[in-house]
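Build out the structure end to end from the sequences listed, making use of the hints.
Each chain, written out:
Number of protein chains: 2
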Amino acid sequence: MVDKSDIYIKDLLEFLRIPTVSTDSAYKEGIVKGAGWLAEELKKSGMENVEIMETAGNPVVYADWLHQPGKPTFLIYGHYDVQPPDPLGLWTTSPFEPEIRDDKVYARGATDDKGQLLIHVKAVASLMEEYGELPVNVKFCLEGEEEIASPNLVPFVKKHKEKLSCDAVLVSDTPMMDKETPAIVTGLRGALAFEMNVITASSDLHSGAYGGAVPNAVHHLVKLLDSLHDDEGKITVDGFYEGVPEVTNALREEMARLPFSEEETKRELGLSSLYGEKGYTPLEQIGIRPTMEFNGIKGGYQGEGMKTIIPKEASAKISCRLVGEQHPSYVFERIREHVAAFTPEGATVTLDKLIEAKAVTMDPDNEYIQKAARAYENFYENETLFPKEGGSIPIIEVFRGELDSEPVLMGFGLQSENMHAPDEHFNLSNFRRGIKTVKNYFESF
Amino acid sequence: MVDKSDIYIKDLLEFLRIPTVSTDSAYKEGIVKGAGWLAEELKKSGMENVEIMETAGNPVVYADWLHQPGKPTFLIYGHYDVQPPDPLGLWTTSPFEPEIRDDKVYARGATDDKGQLLIHVKAVASLMEEYGELPVNVKFCLEGEEEIASPNLVPFVKKHKEKLSCDAVLVSDTPMMDKETPAIVTGLRGALAFEMNVITASSDLHSGAYGGAVPNAVHHLVKLLDSLHDDEGKITVDGFYEGVPEVTNALREEMARLPFSEEETKRELGLSSLYGEKGYTPLEQIGIRPTMEFNGIKGGYQGEGMKTIIPKEASAKISCRLVGEQHPSYVFERIREHVAAFTPEGATVTLDKLIEAKAVTMDPDNEYIQKAARAYENFYENETLFPKEGGSIPIIEVFRGELDSEPVLMGFGLQSENMHAPDEHFNLSNFRRGIKTVKNYFESF
Numbered sequence: 001m002v003d004k005s006d007i008y009i010k011d012l013l014e015f016l017r018i019p020t021v022s023t024d025s026a027y028k029e030g031i032v033k034g035a036g037w038l039a040e041e042l043k044k045s046g047m048e049n050v051e052i053m054e055t056a057g058n059p060v061v062y063a064d065w066l067h068q069p070g071k072p073t074f075l076i077y078g079h080y081d082v083q084p085p086d087p088l089g090l091w092t093t094s095p096f097e098p099e100i101r102d103d104k105v106y107a108r109g110a111t112d113d114k115g116q117l118l119i120h121v122k123a124v125a126s127l128m129e130e131y132g133e134l135p136v137n138v139k140f141c142l143e144g145e146e147e148i149a150s151p152n153l154v155p156f157v158k159k160h161k162e163k164l165s166c167d168a169v170l171v172s173d174t175p176m177m178d179k180e181t182p183a184i185v186t187g188l189r190g191a192l193a194f195e196m197n198v199i200t201a202s203s204d205l206h207s208g209a210y211g212g213a214v215p216n217a218v219h220h221l222v223k224l225l226d227s228l229h230d231d232e233g234k235i236t237v238d239g240f241y242e243g244v245p246e247v248t249n250a251l252r253e254e255m256a257r258l259p260f261s262e263e264e265t266k267r268e269l270g271l272s273s274l275y276g277e278k279g280y281t282p283l284e285q286i287g288i289r290p291t292m293e294f295n296g297i298k299g300g301y302q303g304e305g306m307k308t309i310i311p312k313e314a315s316a317k318i319s320c321r322l323v324g325e326q327h328p329s330y331v332f333e334r335i336r337e338h339v340a341a342f343t344p345e346g347a348t349v350t351l352d353k354l355i356e357a358k359a360v361t362m363d364p365d366n367e368y369i370q371k372a373a374r375a376y377e378n379f380y381e382n383e384t385l386f387p388k389e390g391g392s393i394p395i396i397e398v399f400r401g402e403l404d405s406e407p408v409l410m411g412f413g414l415q416s417e418n419m420h421a422p423d424e425h426f427n428l429s430n431f432r433r434g435i436k437t438v439k440n441y442f443e444s445f
Numbered sequence: 001m002v003d004k005s006d007i008y009i010k011d012l013l014e015f016l017r018i019p020t021v022s023t024d025s026a027y028k029e030g031i032v033k034g035a036g037w038l039a040e041e042l043k044k045s046g047m048e049n050v051e052i053m054e055t056a057g058n059p060v061v062y063a064d065w066l067h068q069p070g071k072p073t074f075l076i077y078g079h080y081d082v083q084p085p086d087p088l089g090l091w092t093t094s095p096f097e098p099e100i101r102d103d104k105v106y107a108r109g110a111t112d113d114k115g116q117l118l119i120h121v122k123a124v125a126s127l128m129e130e131y132g133e134l135p136v137n138v139k140f141c142l143e144g145e146e147e148i149a150s151p152n153l154v155p156f157v158k159k160h161k162e163k164l165s166c167d168a169v170l171v172s173d174t175p176m177m178d179k180e181t182p183a184i185v186t187g188l189r190g191a192l193a194f195e196m197n198v199i200t201a202s203s204d205l206h207s208g209a210y211g212g213a214v215p216n217a218v219h220h221l222v223k224l225l226d227s228l229h230d231d232e233g234k235i236t237v238d239g240f241y242e243g244v245p246e247v248t249n250a251l252r253e254e255m256a257r258l259p260f261s262e263e264e265t266k267r268e269l270g271l272s273s274l275y276g277e278k279g280y281t282p283l284e285q286i287g288i289r290p291t292m293e294f295n296g297i298k299g300g301y302q303g304e305g306m307k308t309i310i311p312k313e314a315s316a317k318i319s320c321r322l323v324g325e326q327h328p329s330y331v332f333e334r335i336r337e338h339v340a341a342f343t344p345e346g347a348t349v350t351l352d353k354l355i356e357a358k359a360v361t362m363d364p365d366n367e368y369i370q371k372a373a374r375a376y377e378n379f380y381e382n383e384t385l386f387p388k389e390g391g392s393i394p395i396i397e398v399f400r401g402e403l404d405s406e407p408v409l410m411g412f413g414l415q416s417e418n419m420h421a422p423d424e425h426f427n428l429s430n431f432r433r434g435i436k437t438v439k440n441y442f443e444s445f
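Protein chains in written order, with UniProt numbering: chain A, 1 to 445; chain B, 1 to 445.
No lab work stands behind these hints: they were computed from the structure.
None of these values were measured; they are calculated from a predicted model.
Remember, identical chains collapse to one label, so a pair may be satisfied in a single copy or spanning two.
Quick list of in silico lysine-lysine cross-link-like pairs, DSSO-like style, CA-CA up to 30 Å: (1) K266 - K298; (2) K278 - K298; (3) K223 - K298; (4) K298 - K234; (5) K223 - K234.
Here it is in structure tokens:
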């Protein structure tokens, strides 16, 4: 007898072979192909009104099945786009030639988010095959720009409020606590990302001829960046922490119950030590405190050997994770003021905003979340936990606000699955159990 | 009547067409071709014992003419290698397709050092053609690794002490004060260049999943780099300034006499302001104070848009200009200690030394320097000045020590000729007058 899940995995491999990178327009063809593949897959699953809906950017794939009046309607959200695969040299096997090793599938997008997205497609396919109908109403909204911060999804949702209306938004794009401990995320940090560019001269200068007497763009960028944190890891921008909630003892106790091993994290990530804001535990630093990370930097000569120039230009990519009532636009203005005040003489600094999203929190006692927790527990050993997640899914807040719906962030990935990094992978046992869990969840209504 | 200098310029263009980049092994063929071209040129000039002498790296081109017993022997040193041409996009015309505009020749190496080197070849060619002999003894030692800090020239000079023995070493690889003001450099800064590399994790991490709780290689590199200077532009490394001479009032007065316009420098280089160590004038900062410049930096995501990673690795290229008795190895050890003391938790830092050279100073009253000053003044409007130069020519100290000879740094370039930058060029009026000046200099003995 052919195990149905083997066929599902074959489909997953096919999906992973399509290079749906959204950060680089060179992959445009992959995006188009990926959207087309998904639409076909939804049709095969018995979904109706399947549609590839154009936006100003990459298309949204829509589908629905709405034949259970009186039952809740779920909007299933996921993204078929993936991060760029570079640095290619660090992958064990090619990022778009999925390979299964030790019951894990290795490919770009395996856990983020193609594998998790396909769980829902296969859950409804399986229900339709078994019963010829679904126990609830379902709509799919699968986008192709999550990795570039969903620039066109907000207008899309606003424009199609009626079409997308629902009771709950079901999303699998977050990690479980570990292989046997399910997790429903009840907090997501907001995000603000921008580029900082420093210019000091009209061309690179010879460091012998001018060194010591003229501004150096790399030096000035370094000074500016270093002014943004103090020695205790606190962000020094005036007003940055406005809207950040007080950390209550109750919250601290709740977070202390979440499993976390400092030693294991260090070993797994190859760290010699953790590093973060003083006075907070690592899980607090990740889950409930805002951060400012430097994601990339460049300037001057970067080739082999030496070129003794004074660089005329340097730039950095910077991203903040925001919490509570921190507003990304407000934070950006405070950073702008800080930069203006700390800009060293002789430098011209520009800031370009790339991403912004407000933080969002959910109530773990909500019915949609509680039923999801129970569904998990039929297939996993441990009780479901309700962590605050460090990442951002900007669209969640929009779904809640615009559609007046309850977000249910029911993840099947693992923190260790290298999302956004080389050798990204997805545990197939979670793919199989994920399908069963989602079926069971829908049946519980 | 054909002007001889037109033929000389034709030869210069031919020389500039050969891409003799020494910093990149992809140009190896250009180096070989450049050395061969020079050897032919020296033969045509009537030089004897022309030889392409192999080293562990790029060859040295040697030639001599030694038929004036009792007269001084000059060793003419120059380099036929050039800086890399990138960034190519910023050149008005292609760097290895020389073009003459407004009596200036534009090409990589035009002023540094092919144009200046060829002045000497053409001066002896012209003397030989006019008189059938030279008024002094001459040896040529033209190397192909100056732009990578002459790694093989020191052993070469030590091995061939006898062959290279001389009374004075004549070098044209420094700038004049301006178009009508000749300059003989009487001080060169030393150099120490190294790469700093910071590693924090075994792979890039997702900033949503870990941001706030793990070390960030770019952030740690920034902290380390920013610890190297204080807010007044002073270098904070303990012991860095050991061996730096006191700045006497006499020296300050001498330097204050050198022409320097802050406004013009700013306009010319596109600076909004100068920037340097407090308490010193720009010419003091460049000429007699040590510096530490950041020549390049890289780490994390550098592509378009955003990739919200926590970078695992970042690196910077750093170079110091040294003065007086500062010893590069000693300074490097002090920097190593500083870095060890300031390395933030969670970072592994390595330093790789790339270049080292001690500073050197000359006495302006020396006969060889005085006669050079007088020769200049026959063809230029203003008196010759004797500046301290900010750059380093590591081999000069070796020539003086090993060959017991007097360095004469008689430049024909201009500070504004974009050496090491796009649109490098050389004023042909200085090429023509340079040939006359060198002929006159030799005739004065």
